[in-house]
Amino acid sequence: MVKILCFILIIIAGAGFSQNFNDDNNRYILGENYEQSGYPEKAKEIYEDLYNRNTSNFQYFISLNRIYVLLKQYESSVKLLEQRLSISPQDINIYGLLGSTYYLMGNETKAYSTWEDGLTKLSPNALNYRLIANYAIERRDFEKAIDFLKRGKKISDDPVLFSFDLANLYSLTMQYKDAAEEYLFIIQRKPDQYPAVQARILSYIDKVNALQTTIDVFERKRDDENINMSHLLASLYMQGKMYDKAFDIYSEIDSKIKSNGVTLLNFAQDLYNEKQYEMCIKVFREIISKYPSSPIISSAKLGYAETLEANLDAEKDSESNWRPYSFNKTGDPKKVNEIISAFNEIVKIYPQSEQAQEALLRIGILKNSRLNDSEGAKEILDQLLKQGIDAKFLIKSYEELGDIYLEDGNLDKSKEMFQKLIQTNSIPEEEKNYARYKEARISFYEGNFPIARNLLQNIISKYKDNNSNDALELSLVLNTMMNDSSNLVIFANAELLSEQKKFSEAREKYLIIAQNPQAFVLQSLAKLRMAEMDLAMDNYDSSMKVLQEIVDEKEKNIYSDKALYLQGNIYQFAKKDSPKAIEIYESLLAKFPNSIYLDDARARINKLKNKISQRPEWQRDRTIKS
Amino acid sequence: MFKRLLFFVIILAGIGYSQNKIFIYMDLKQTDHLRAYGVTFNALRKGLKADWLLNYRGGSFLIDYNDQVANECRVDGVAFDQISASQAAEIYSTVQRDDNNMDVVRLEKAPKIAVYVPPNFNPWDDAVTLALDYAKVPYDKIWNDEVLRGDLSKYDWLHLHHEDFTGQYGKFYASFSNAQWYIDAQMAYENDAKKNGYKKVSVMMRDVATDIKNFVGNGGFLFAMCSATDSYDIALAAHNTDICAQMYDGDAADPDAQSKLDFSNTLAFQNFKLEMNPYIYEYSSIDVQPAEIGSQENDYFTLFEFSAKYDPVPTMLTQDHVNVIKGFMGQTTMFHKELIKPSVIILAEREGTDQVKYIHGDYGRGTFTFYGGHDPEDYQHVVGSPPTDLSLHKNSPGYRLILNNILFPAATKKKQKT
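The listed protein sequences derive, respectively, from chains A and B. With my numbering as the guide, the letters of the first sequence map in order to residues 1 to 626. With my numbering as the guide, the letters of the second sequence map in order to residues 627 to 1044.
Watch out, some of these pointers could steer you wrong.
[What the hints assert, rightly or not] Below, computed lysine-lysine pairings styled on DSBU-like, alpha-carbon distance capped at 30 Å:
#, chain 1, residue 1, chain 2, residue 2
1, B, Lys826, A, Lys207
2, B, Lys826, A, Lys72
3, A, Lys207, A, Lys611
4, B, Lys1020, A, Lys580
5, B, Lys762, A, Lys576
6, B, Lys780, B, Lys767
7, B, Lys967, A, Lys609
8, A, Lys591, B, Lys675
9, A, Lys545, A, Lys329
10, A, Lys42, B, Lys886
11, A, Lys609, B, Lys1020
12, A, Lys348, A, Lys334
13, B, Lys735, A, Lys72
14, B, Lys820, B, Lys735
15, B, Lys826, A, Lys110
16, A, Lys190, A, Lys207
17, B, Lys780, B, Lys735
18, A, Lys72, B, Lys886
19, A, Lys607, B, Lys767
20, B, Lys675, A, Lys609
21, B, Lys762, A, Lys607
22, A, Lys150, A, Lys190
23, B, Lys780, B, Lys738
24, B, Lys886, A, Lys207
25, A, Lys258, A, Lys245
26, B, Lys821, A, Lys110
27, A, Lys609, B, Lys886
[Stated by the list, open to error] To be clear about the criterion: a stretch of chain A counts as covered by chain B if any three or more of its residues have a C-beta under 8 Å from a C-beta of chain B, and this derived list gives those stretches:
#, segment
28, 27 to 41
29, 64 to 73
30, 186 to 193
31, 232 to 238
These aren't lab readings, by the way, just hints derived from the structure by calculation. Keep in mind the model is a prediction, meaning the values are calculated, not measured. C-beta: ideal position from N, C-alpha, C; glycine also.
Hey, can you work out the whole structure from these sequences and the hints?
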């Protein structure tokens, strides 16, 4: 019975305690709710009550201090913290909080001395410095935080931890030299931290003076044995576009870690992405000569060939496409053959592979367009088409062959190439329409005008197709001149000659039509073509004269705006006379307010004016006077 | 006979003297409305006179004929007609007829423009600089140092965009406090404050806001967009209190901040309620919330029509080729009507709602105009959005409203018809 009674008493007492505990907990939650809902005074009342009843509860204490600070009742906060300090004199956090409150009161001296007290009164502990530094950071007193961290680092067993914090603060306060020193310190002691260090440095490296200052630090303390440090320096050189220096370092790394060219290959790929072709070629050559048996040699060789070609393309003047017709722009045969050899290497190493197919296609195109070797090109492309090749290479191969046969004057064979393309199932409709357009043009050259017209009609009906504009243009000539087939035949012949780049012969044919007043619409177009043939042959004065005749015909010649536009082009690109080019373009704007060349003319005027305004004053004057 | 001869001589002399004009029409036929403002502005810079024909063909411009200006129009793609003096006279007479709600405003001198932007700003962060650059209107960039040392007196027109005058760094804390751009911006502000002798950014910004207010009081023209509108007025209202939470200025906000707001110190807004939660991306109740706006498809605002002859200033500010314009959002998108001071003129609002887009008012000898939203051609411009290419929006009615503001200070003041 006594036992039962005892048991019941214990249960009741426990329930009472639990009730009390739940009450306090609920009140605390209510206080938090008041605080979050913007009623800090009510929250304070609850926290004060809870804390006074249970001063050992850390949660109540911290909440009460927080609410005092929120209410800017700093004196109460100081009192509370000092009281707490007397209970827990070994708690560094209380020193931190107390210092913070003094700081908020505007008493920085007292804040500093409180923080210092915490550090000196307690047994030396590096982590205490880090903790107090965090209080200074919270107050955004970065210089004081740096001071604490530096002192903590001195006594720490893990100074790298402090270096990360210090470097972060130094970069934040734009003290890039000191930040670099800290990162260097980390890399020297823990090279495996390289990725983290690199990511942190790159996050601020684009700020003013950051890059060069960081490079200086790493160069001065360079340790060839620390590969990660070398990697970091090389990546900084890349950021600063100091590719030669980066190359030297990557070469050293590659040798040291015996990566068989992998490091250099990665570097080359970065260079290619940055369009640094010359340096990229240099790197690929280094890989190919130094590591001929490396597993990455095939990638290096393909990369090398592609970079050589990209470099040759980049050499082309970006403004060289202004002529409506031009001869093939051949390159230095030595350079072109070097590219072809590089592609041939791929074909040899990986016969029948996709890379080899691409290499063969590139060789065929290069032979025709860069070496004017149409026979060689045909041979290669025929050989390629005999293999079961990928559709994207097949399209390009047939198109290239079609064009080559057309240039050679073998219209049947050219037509056959385009027809094969049309008959291939696996290629997109737009590519087929291009082939249809080309077939129509060939029929036009042959004088088969009704066939040409029918083929064009198919394309025109698909108005969303990119080929429909070209089809429409040719169709207009055909439809307007259907009843004057003799002149149309001459014109078609001239068009074929111009496509075959026989510009002089084409000009003669165009002249026949231009001099024939019966030729109606064709007369205007033929005149324009004459000027375009002159341009293709660099006969600028003759071209200019013909164009002027067209311009003078004003609205009688529907191409007079284009003629004026071409005159502007001649001044801009051939004669390099910017003021005159601007004058011509401006007159185009004034005379032909509805011309389709207006936007181009405006863009060119603005570009030329910017160019002139960037020149020194004396040069600007001279240009204008001349 | 002699009298007749004399008359003909006078007429002939008149014709000889009379000058052809460049007529830049601004209705739907205009090919590039935005650059038309630039052409007119630059004509004024050259010392030419221009007339702004309010409500005539979309608010057209007439400039004395000049080859250079005509050429500029062509190069910039601005459509115009070259008209004779008699054709111009006909237009003037139409515009000045009493039964037409039209008027002529003579533009005399191009205003000197300053844009208040931080040194690290990108042009696409601000619709006004985009518009000025596109229209080829020159301007200076100024920041806190320049404002605090009194450089505002050098300018006629000042533009504020989405800068935060309350010292809360745009209230981006919840979403972006760890983003590098936010950290950099906060450091830059703090360095600025330290350099200028302030312990708190919020206090420095309050002084900047006060200097700008004095600039307006002394005759300056203030134009603000996006969050510069409400954050500016909030900063002025909070001159006696601390509204910034701890993460913004190191100490807690004044719990009684709301009751300490001084609405008599603001330019445009009153009786608004502060949003004191530092984690909520909103300053106050001034701004209209996305939920109130609804779907983008229905978001249009309407320009009010004013009497050109009696209210030329609001008429100038609302010149446009359309009067219903598609809306666009911003950190501050629109203003609640009941929080706008009665003295302020409402220029545009969402019809049938209490949502106001565009307002104008006077303070001292100057004026202010506030336009809600960030970018008229990017409905929901967010941090990191690509820049708007204005060559694709040459006829943007929303952008036109911005450019009306730069020409309006060039207008000759004339006596109001009362």
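Right, here's what the structure says about each hint:
1. Lys826/B - Lys207/A: holds (25 Å)
2. Lys826/B - Lys72/A: holds (16 Å)
3. Lys207/A - Lys611/A: With Cα atoms ~29 Å apart, Lys207/A and Lys611/A stay inside 30 Å; holds.
4. Lys1020/B - Lys580/A: Distance of about 29 Å is within 30 Å: holds.
5. Lys762/B - Lys576/A: holds (27 Å)
6. Lys780/B - Lys767/B: Holds, at about 12 Å.
7. Lys967/B - Lys609/A: violated (49 Å)
8. Lys591/A - Lys675/B: Given pair Lys591/A, Lys675/B holds - Cα atoms ~26 Å apart, limit 30 Å.
9. Lys545/A - Lys329/A: holds (26 Å)
10. Lys42/A - Lys886/B: Holds: Lys42/A and Lys886/B sit about 20 Å apart, inside 30 Å.
11. Lys609/A - Lys1020/B: Cα-Cα ~22 Å, so holds.
12. Lys348/A - Lys334/A: holds (21 Å)
13. Lys735/B - Lys72/A: violated (53 Å)
14. Lys820/B - Lys735/B: violated (39 Å)
15. Lys826/B - Lys110/A: With a Cα-Cα distance of about 20 Å, the restraint between Lys826/B and Lys110/A holds, given a limit of 30 Å.
16. Lys190/A - Lys207/A: holds (26 Å)
17. Lys780/B - Lys735/B: holds (15 Å)
18. Lys72/A - Lys886/B: Holds, at roughly 16 Å.
19. Lys607/A - Lys767/B: holds (25 Å)
20. Lys675/B - Lys609/A: Roughly 26 Å separates the two Cα atoms, so the pair holds.
21. Lys762/B - Lys607/A: Cα-Cα ~14 Å, so holds.
22. Lys150/A - Lys190/A: Distance of about 19 Å is within 30 Å: holds.
23. Lys780/B - Lys738/B: Within the cut-off at roughly 8 Å; holds.
24. Lys886/B - Lys207/A: violated (41 Å)
25. Lys258/A - Lys245/A: This hinted pair holds, its Cα atoms lying about 20 Å apart.
26. Lys821/B - Lys110/A: Satisfied, since the Cα-Cα distance of roughly 24 Å is no more than 30 Å.
27. Lys609/A - Lys886/B: Violated: Lys609/A and Lys886/B sit about 57 Å apart, past 30 Å.
28. 27 to 41: holds (count 3)
29. 64 to 73: holds (count 4)
30. 186 to 193: Violated - the segment 186 to 193 of chain A has 0 residues with a Cβ nearer than 8 Å to chain B, which falls short of three.
31. 232 to 238: violated (count 0)
Of the hints listed earlier, those the structure fails to meet are numbers 7, 13, 14, 24, 27, 30, 31, in rising order.
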